[in-house]
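S.K.: Please arrange chain B on chain A, whose structure you already have, making use of the hints.
2 protein chains.
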Amino acid sequence: MSAKERLVYLPLGGAAEIGMNMYLYGWGAPGRERWIMIDVGVTFPSMEGSPGVDLIMADTAFIEERLDQLEAIFITHGHEDHVGGLGYLWPKIGGRPVYTRAFTGIIARHKLEGAGVDPSAVSIVEAMPEMVTAGPFKVGFLPVSHSIPEASAMVIDTPAGRVLHSGDLKLDPSPQLGEPFDPQSFRDVSGDGLLALVCDSTNVFSRDAGRSEADIVADVEALMKDATGMVVATTFASNIARLQTLAKAAAAQGRAVVLLGRAMNRMVGYGREAGIVTDFPNVVDVKEAASIPREHLFALSTGSQGEPRAATASLARDKYMGIELTKGDTFLFSSKTIPGNEVSVGRLVNGLAEKGVRVVEEDPRYHVSGHANRPDLEQVHTLTNPAFVVPMHGEYRHLKEHAELAQTGGRDAAIVPNGTMIDLSHEQGEVLDIVETGRTYLDGSVLIGAMDGVVRDRVRMALRGLVAVSVVVDEDDRALDGVWVELHGIPETHRGALQEDLEEAIEADLSRAKRADLKDDDAIADRVSRVVRKICNDQVGKKPLVTVMTNRLA
Amino acid sequence: MSAKERLVYLPLGGAAEIGMNMYLYGWGAPGRERWIMIDVGVTFPSMEGSPGVDLIMADTAFIEERLDQLEAIFITHGHEDHVGGLGYLWPKIGGRPVYTRAFTGIIARHKLEGAGVDPSAVSIVEAMPEMVTAGPFKVGFLPVSHSIPEASAMVIDTPAGRVLHSGDLKLDPSPQLGEPFDPQSFRDVSGDGLLALVCDSTNVFSRDAGRSEADIVADVEALMKDATGMVVATTFASNIARLQTLAKAAAAQGRAVVLLGRAMNRMVGYGREAGIVTDFPNVVDVKEAASIPREHLFALSTGSQGEPRAATASLARDKYMGIELTKGDTFLFSSKTIPGNEVSVGRLVNGLAEKGVRVVEEDPRYHVSGHANRPDLEQVHTLTNPAFVVPMHGEYRHLKEHAELAQTGGRDAAIVPNGTMIDLSHEQGEVLDIVETGRTYLDGSVLIGAMDGVVRDRVRMALRGLVAVSVVVDEDDRALDGVWVELHGIPETHRGALQEDLEEAIEADLSRAKRADLKDDDAIADRVSRVVRKICNDQVGKKPLVTVMTNRLA
Chain A
0 MSAKERLVYL
10 PLGGAAEIGM
20 NMYLYGWGAP
30 GRERWIMIDV
40 GVTFPSMEGS
50 PGVDLIMADT
60 AFIEERLDQL
70 EAIFITHGHE
80 DHVGGLGYLW
90 PKIGGRPVYT
100 RAFTGIIARH
110 KLEGAGVDPS
120 AVSIVEAMPE
130 MVTAGPFKVG
140 FLPVSHSIPE
150 ASAMVIDTPA
160 GRVLHSGDLK
170 LDPSPQLGEP
180 FDPQSFRDVS
190 GDGLLALVCD
200 STNVFSRDAG
210 RSEADIVADV
220 EALMKDATGM
230 VVATTFASNI
240 ARLQTLAKAA
250 AAQGRAVVLL
260 GRAMNRMVGY
270 GREAGIVTDF
280 PNVVDVKEAA
290 SIPREHLFAL
300 STGSQGEPRA
310 ATASLARDKY
320 MGIELTKGDT
330 FLFSSKTIPG
340 NEVSVGRLVN
350 GLAEKGVRVV
360 EEDPRYHVSG
370 HANRPDLEQV
380 HTLTNPAFVV
390 PMHGEYRHLK
400 EHAELAQTGG
410 RDAAIVPNGT
420 MIDLSHEQGE
430 VLDIVETGRT
440 YLDGSVLIGA
450 MDGVVRDRVR
460 MALRGLVAVS
470 VVVDEDDRAL
480 DGVWVELHGI
490 PETHRGALQE
500 DLEEAIEADL
510 SRAKRADLKD
520 DDAIADRVSR
530 VVRKICNDQV
540 GKKPLVTVMT
550 NRLA
Chain B
0 MSAKERLVYL
10 PLGGAAEIGM
20 NMYLYGWGAP
30 GRERWIMIDV
40 GVTFPSMEGS
50 PGVDLIMADT
60 AFIEERLDQL
70 EAIFITHGHE
80 DHVGGLGYLW
90 PKIGGRPVYT
100 RAFTGIIARH
110 KLEGAGVDPS
120 AVSIVEAMPE
130 MVTAGPFKVG
140 FLPVSHSIPE
150 ASAMVIDTPA
160 GRVLHSGDLK
170 LDPSPQLGEP
180 FDPQSFRDVS
190 GDGLLALVCD
200 STNVFSRDAG
210 RSEADIVADV
220 EALMKDATGM
230 VVATTFASNI
240 ARLQTLAKAA
250 AAQGRAVVLL
260 GRAMNRMVGY
270 GREAGIVTDF
280 PNVVDVKEAA
290 SIPREHLFAL
300 STGSQGEPRA
310 ATASLARDKY
320 MGIELTKGDT
330 FLFSSKTIPG
340 NEVSVGRLVN
350 GLAEKGVRVV
360 EEDPRYHVSG
370 HANRPDLEQV
380 HTLTNPAFVV
390 PMHGEYRHLK
400 EHAELAQTGG
410 RDAAIVPNGT
420 MIDLSHEQGE
430 VLDIVETGRT
440 YLDGSVLIGA
450 MDGVVRDRVR
460 MALRGLVAVS
470 VVVDEDDRAL
480 DGVWVELHGI
490 PETHRGALQE
500 DLEEAIEADL
510 SRAKRADLKD
520 DDAIADRVSR
530 VVRKICNDQV
540 GKKPLVTVMT
550 NRLA
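Keeping their order, the protein sequence lines are chains A and B.
Each residue of the first sequence is one higher than the last, beginning at 0 in numbering that gives the first Met the number 0.
Each residue of the second sequence is one higher than the last, beginning at 0 in numbering that gives the first Met the number 0.
So that you can see chain A by itself, here it is in the shape it has in the complex (with noise of 0.2 Å):
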């Protein structure tokens, strides 16, 4: 290899935040890299930082720019932020080859029919030891085990050497479906020792160590025995192994398994078509649920994080597709609350206890996590025994600790957030490059920058409300009479007369300027805001947007 070419790495997304995946990596001289990427993934919009936005992903631009250097994109697997943003972005990344394993490509197939795209991009590839080529990169799928089907790690094969990228991983060696962790499959593909490993960050502050899918099988049967009337259970739909789990120990006491939600329908659907659940028990249409005694009834319920319009928001207010719950019945959330959707989801409980509904949250009798816990990754890492450790899936305190915790394990290790780019051949850690990153907002149907200043307007106007203004300007540049105030979003006085105050002062203000100040329109916007601002600072205290409409009589 010519001295000048280099292994780099570059997160546009995923580090140092967790979720809206996307990693790059480089080989070849300065400039001249063929690049492979890995993952494209989403986060969720708030009403706090991205109101009315539908999805975040993230910033392409600096790939767009080089697109004919892109060879390939691989998905690790089929959770929303490595997968979401793929039919989005994809025909903006150059529509480049897409490779998946089986059941993550017929969810990746759908995010791009989804989006108007041609599915065929995306080719399934085997577990390894099958590889794909692409440009100067061998990339494989290791297989390991997650809160999904077909999690892997990619291995990638570069002139430089091998990097392993963790993608999310757990260490469980009976996962209930699909593959156990396999030690022996990370020590075979470290065999002689990796260039760097690229890890999962996620639960780093949990000091024990992960708990197996297969730990909560007895308390889960245990439960279905116990309870008295209906029984529903929420947890994310695209863990399968878990949704399986609840099904088949709620079956075995004679339960009907009902699905309540599209993702639930959707995902046991992809499950059997790709051949990985085979034996979940059969499953009740919902309309006939109402003919079965609610003892003998168990549902599987989307929304646990408290989305709004999912199927447990709608039985925690009312009812869903004629289903009630009721005293006697019990709800499980089989499922941890992502910090920032505690609100939400105590709103849940909330309504649920209203009903008198028995609510079993946050009990570790009936969730375990997908993610490698601090004693987990010692053990990736001593297995793997990497030269060079990049934590990468965290938060800034997420990506320190990790790199702290593989320091003390006797490896160099880089914090390397999103848009570093750093050299992972030569000087390792080295930081070759800071390239500008952001945010890509779906809004609506558009794709915008999160800082074209749309976001920031929705956000000025829920905080400080607009007044919109009207103005006629006659062929001399005189003001007529009769100014439109509209108030939106803006408190009245007490006395009510806010909206008459402000149309008598804009006129007083217009009647007072000379005619030259009225022939241009930005001098009028300028001087009718400041009378508008003023005015409702005085009588409400507060100084709203406002737009200014100039038109002129020809």
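Keep in mind that a hint or two might mislead.
Here are the simulated BS3-like cross-link-like pairs (lysine-lysine), alpha carbons at most 30 Å apart as the crow flies [as the list claims (entries may be wrong)]: (1) B:Lys-542 <-> A:Lys-542; (2) A:Lys-542 <-> B:Lys-318; (3) B:Lys-91 <-> A:Lys-318; (4) B:Lys-533 <-> A:Lys-91; (5) B:Lys-91 <-> A:Lys-533.
Cβ-Cβ distance ranges computed for the label pairs, FRET-style [claimed, not checked]: (6) A:His-295 <-> B:Leu-431: 36 to 42 Å; (7) A:Phe-204 <-> B:Gln-406: 35 to 41 Å; (8) A:Pro-90 <-> B:Glu-63: 58 to 64 Å; (9) B:Glu-491 <-> A:Lys-518: 26 to 32 Å; (10) A:Ser-122 <-> B:Arg-511: 30 to 36 Å; (11) B:Gln-406 <-> A:Pro-363: 41 to 47 Å.
Calculated from the model, a selection of chain A residues having no Cβ within reach of chain B, i.e. all distances over 12 Å [said to hold, decoys possible]: (12) Glu-4; (13) Glu-112; (14) Gly-192; (15) Gly-274; (16) Pro-374.
To be clear, the hints were calculated from the coordinates, so they are not data collected in a lab.
Note that CB positions come from ideal geometry on N, CA and C, so glycine has one too.
M.R.: Frame of chain A; chain B shown alone:
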């Protein structure tokens, strides 16, 4: 007593929610009750539910309609959710006398002054045996331990018997500052049997007995001893016992104590003014901190919940009044993250981690709660031995759990959410009336109702954006060309021509309209709104709010 007279209980805030406490007790024949009010608290707005709102208080319409029947207001303690609404609501609730203990009184008077109200309405009352007569009631302040000095349970003597209203409380035999929990005082006031116990439910889901403020002293001392660089700790400024524990441990290690944030200085000052704070270490002005070696510095900082304008947020982002944290320093959260604040607190931790600061958070060695846990509540039930328990201070799930706890102990209990008026004297728990309740917003300088539509409009603008349209119609009811359209918070199309497309389409639509259809402003607004919503939906997938202003030439 007349057969028709009875004692009633009516929570207006704080029951089936946490915060915004306001409780009414009434004695008399239906419609002719004499009332007392306990607590006038606030809760805090969120971008999600109440963007732009400054404070949230209970709706006092019920008592405003019978102001001449309100005898007095009692404040249990000085936390915002118990006294924060006093300044804004006191003029509306008839300017009745306000009774508090000394420390609470300092805060209450500042609340009145801050709202431009004469603070002399607040009368200071000693702890029991002093009792205040308010119409048919006699009310005493029974000292309890909590996370602020001089918290009190209210002992309410009525013609029907005695009620104990716990306020916020914990059972701390060694609170470090202020009165320890005295079980005998609880037995004494309950003597011949309480009519009812109205009781804090905040920590009913915490299974273990609460820990004393004394439990953290040794660990705080060890942390101060082991720390190398500067140490900064945050907690609620009103938790003066905690401030003192932290400051003393720091001073014992030769560290100078600095207070960062106005609330810290204010609360320590109030404590001195009330004679409660007597051996707080000397405080160094923040301007002198620069000249002190950082390993000899300790600071107490406001903003433990991630409040963006507090000292801690400044320290996490950049610096505060010249103090900048760096590698080797320690930042201690001597606090618990309140549900809903996880994301904003996470932002602090990430910011501090990026600076290389060691962050200690959610560590039980350095924080204890101010509320009674489940076994403590059982102890309160046992000590006071009430026939009837009414849980308060909690969401619905807390009230339900607490009522079940009381019932398990062989007592009657009722879940009484805001607006539910119950009988406390005859058929205990019988629902006598359901009163319309709601929330009052301080929005800028104006009090508005939560349902007035003002905030709803702001939320809609935040989610959907707003299109403002200005139209001019001549004397003959013909629309002139030159329609103005302004987009606010609407994404542009890739062509960047949405505004022009809208103007053209509106002009075309109006030119097609019959003149009779343009006589009416509402008719014009309807047709223009339809055109705007359709085009926006087609081009950018959003249906915005539309405001249409029709200027008519006279």
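S.K.: Run every hint past the structure and note whether it holds.
M.R.: Hint by hint, here is what the structure shows:
1. B:Lys-542 <-> A:Lys-542: Roughly 26 Å between the alpha carbons, so the hint for B:Lys-542 and A:Lys-542 holds.
2. A:Lys-542 <-> B:Lys-318: It holds: about 29 Å lies between the C-alpha atoms, which stays within 30 Å.
3. B:Lys-91 <-> A:Lys-318: Violated - the C-alpha atoms of A:Lys-318 and B:Lys-91 are around 40 Å apart, more than 30 Å.
4. B:Lys-533 <-> A:Lys-91: holds (27 Å)
5. B:Lys-91 <-> A:Lys-533: holds (27 Å)
6. A:His-295 <-> B:Leu-431: 36 to 42 Å: holds (41 Å)
7. A:Phe-204 <-> B:Gln-406: 35 to 41 Å: holds (39 Å)
8. A:Pro-90 <-> B:Glu-63: 58 to 64 Å: Given a distance of about 60 Å, which is inside 58 to 64 Å, the answer is holds.
9. B:Glu-491 <-> A:Lys-518: 26 to 32 Å: holds (29 Å)
10. A:Ser-122 <-> B:Arg-511: 30 to 36 Å: violated (53 Å)
11. B:Gln-406 <-> A:Pro-363: 41 to 47 Å: With a Cβ separation near 28 Å, B:Gln-406 and A:Pro-363 fall outside 41 to 47 Å, so the hint is violated.
12. Glu-4: holds (32 Å)
13. Glu-112: holds (18 Å)
14. Gly-192: holds (30 Å)
15. Gly-274: holds (37 Å)
16. Pro-374: Given that every Cβ of chain B is farther than 12 Å from that of A:Pro-374, nearest at about 20 Å, it holds.
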